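So you can see what is in the structure, the chains are spelled out below.
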Amino acid sequence: MSRHDDRPPSPSSGRIDTDSILESISDGVFTVDRQWRVTSFNRAAEQITGVSREDAIGCRCSDVFRASMCETDCALRHTMNTGAALVNRTTFIVNAEGKRIPISVSTALLRDEHGVVVGGAETFRDLSLIEELRSQIRGRYQVGDIVSHSASMRRVIEVIPRIAESESTILISGETGTGKELVARAIHGLSQRRDGPFVAVNCGALPDTLLESELFGYKAGAFTGATRDKPGRFALARNGTLFLDEIGEVSPALQVRLLRVLQDKRFEPLGATRTEKTNARVIVATNRDLDDLVERGAFRQDLYYRIKIMKLDLPPLRQRREDIPLLVQHFIAAFNALQNKQVTGVSPDVLGVLTAHDYPGNVRELQNIIEHAFVLLHKGQIELEHLPAELVPIWQHPPVGPSMSDTIQAVEAQAIREALERNQGNRLAAAQELGMHKSTFFRKVRRLGIDLPKKDGRSTPNGGGKS
Amino acid sequence: MKAALTFWDGRISPVFDVSREAMVLTIEKGAVAGRRRENIEASSAARKIERIMELGVQTLICGAISEPLHRELTERGVVVLAFVAGEIDEVIDAFLAGLLPAPAFSMPGCRGRQMRFRGGRGRGGKRARDWGPSGRH
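If you read the sequences in order, they're chains A and B.
For the first sequence, my numbering begins at 17 and goes up steadily by one.
For the second sequence, my numbering begins at -10 and goes up steadily by one.
Honestly, the hints are just simulated from the structure, not real lab data.
Being a predicted model, the structure only gives us computed values, none of them experimental.
Idealized CB from N, CA, C, for every residue including glycine.
You may find that some hints are simply not true.
Some, not all, of what chain A presents toward chain B, calculated at C-beta under 7 Å [unchecked claim]:
#1 Ala72
#2 Arg82
#3 Asp307
Output of the computed footprint for chain A on chain B, the stretches with three or more beta carbons under 8 Å from beta carbons of chain A [claimed, not checked]:
#4 41 to 52
#5 93 to 99
Taking lysine-lysine and the BS3-like style, the derived pairs with C-alpha atoms no more than 30 Å apart in a straight line are [as the list claims (entries may be wrong)]:
#6 A/Lys470 / B/Lys(-9)
#7 A/Lys460 / B/Lys(-9)
#8 A/Lys115 / B/Lys(-9)
#9 A/Lys357 / B/Lys18
So that you can see chain A by itself, here it is in the shape it has in the complex (with noise of 0.2 Å):
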């Protein structure tokens, strides 16, 4: 039996006091007994999670941490079923704000002084500062969910918190998939009304009578089937922001009452006998080129300037490729929280295929194409065979393991063939344009096993091709 006397001096108080060690450190703990509940609660815990010990103490633990693994994979059960400790897992937590707070979380059992299990131990941390000074670090730009490093979207990301602080029309424009709404969100979510609502309206998928009572709303018996009042989503949006998505859909007659709308910031419902105030700021977007349509006078000019007081381009993804590592690690983070997997990123084959496509439908096709591989993935690394089989023709029949000289074939491949669309199937064309003599073109189009196409690009639809 050891001596009390030979260890060294105690605090004051005679004995150590854990509650005091647990208070100060930094990272949240808490303990529950073997019915899940908390019995314990430290102050950082209160301040990750928001929710006071007081309320905490009592209740059952999912109720309180609410994190992404307690429905499916609760590290506590895990340890408490196994009696293995768990380190470092992380996950992510909604805390009493709705905010996602990412963690990393580990577990180890309680035993009573007879050695037997009353309950488990949690320990977690916020990596909040960690994932923003990581951020940083990449020298990545980030507003809203929007995440870029190239120049060109900068350019967009820096002007967007002035946007939000004044009150004009916005015109966005860019193509499909290029995160029009992503930035019309940031500038609500970055304003004065950012604790009102935001309505988004597409505009291009209701026809015109529909879109018209979608807009503005109607009275109770203005048509048939009108048995009650509906308020519009410019009533809606009152003390928020409203998104007209593909605004160069919008009839000419329609166009008309938007531009009274925008002007006088007053409407009327279908029906109504009086007019209504709105006070929505207004955002619009198109992937149309609204000059070109103004031009053709498909577009009123009156409300064309009316909404273009503030010009938002987005650049298609194909002309900011250097983002494609970033958004593929974005929405690899953000699939692995939400779907609770452990993909850890791409080969680089993959990233040689991914960077080298086109993006027709931008960015979302870029997500789409992550989340088509963690369908067929849990954990690891995404290989080629959980990309879409049309991203990556020539490994449909692999003669061995893809390699770098693979990704290289795969990216002469697609440009050949995208060289071929663009000049109409014209093999010579396409070779000056990828600037390869003609022999050394059709050598590549055998090695690669590209199909050419049957129109050689050489006949007009005339019939004045050679005969």
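Following the hints, position chain B against chain A.
Structure of chain B alone, referenced to chain A:
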């Protein structure tokens, strides 16, 4: 009207974002006329929302929910009673009695949040009545 409650282990599921199952109730004249378990597991937040919309749900009763999902559902016309905790049958009874949201069925530390969702009205407020099973749905 149709109401869905996300659940797990006999209780309201802790996090809607990753919840896998919902109890969909068809409510007529203030009573449950139909009750069905539905899988709502989805590979993305967008698909989860689509799944809820497919089920024709007007009111969603769930545990914690991240703000973007809550906002999207609300914009699509779904009334979201979030940060609810408790045994599912007890929560259903409270909902049918028009008692939600209530402190007794709130996740710890979320009472203020729930009240803000209600637009700051008390139990007898207009919106609270509209949300209930005997409202005008």
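Results of checking the hints against the structure:
Because the smallest distance between the Cβ of A/Ala72 and any Cβ of chain B comes to about 5 Å, under 7 Å, the interface hint for this residue holds. At its closest, the beta carbon of A/Arg82 sits 4 Å from a beta carbon of chain B; the interface hint therefore holds under the 7 Å criterion. The closest approach between the C-beta of A/Asp307 and any C-beta of chain B is roughly 31 Å, which is over the 7 Å cut-off, so the hint fails. Against chain A, the stretch 41 to 52 of chain B contributes 1 residues with a C-beta closer than 8 Å to a partner C-beta. That does not satisfy the three-residue criterion, and the hint is violated.
By the rule of at least three residues with a Cβ nearer than 8 Å to a Cβ of chain A, the coverage given for the stretch 93 to 99 of chain B holds, with 4 such residues. For the hint linking A/Lys470 to B/Lys(-9), the alpha-carbon distance of about 56 Å lies beyond 30 Å, and the restraint is violated. At roughly 61 Å between alpha-carbon atoms, A/Lys460 and B/Lys(-9) are farther apart than 30 Å, so this suggested pair is violated. For the given pair, A/Lys115 sits about 28 Å from B/Lys(-9) by alpha-carbon distance, which is consistent with the 30 Å threshold.
At roughly 43 Å between alpha-carbon atoms, A/Lys357 and B/Lys18 are farther apart than 30 Å, so this suggested pair is violated.
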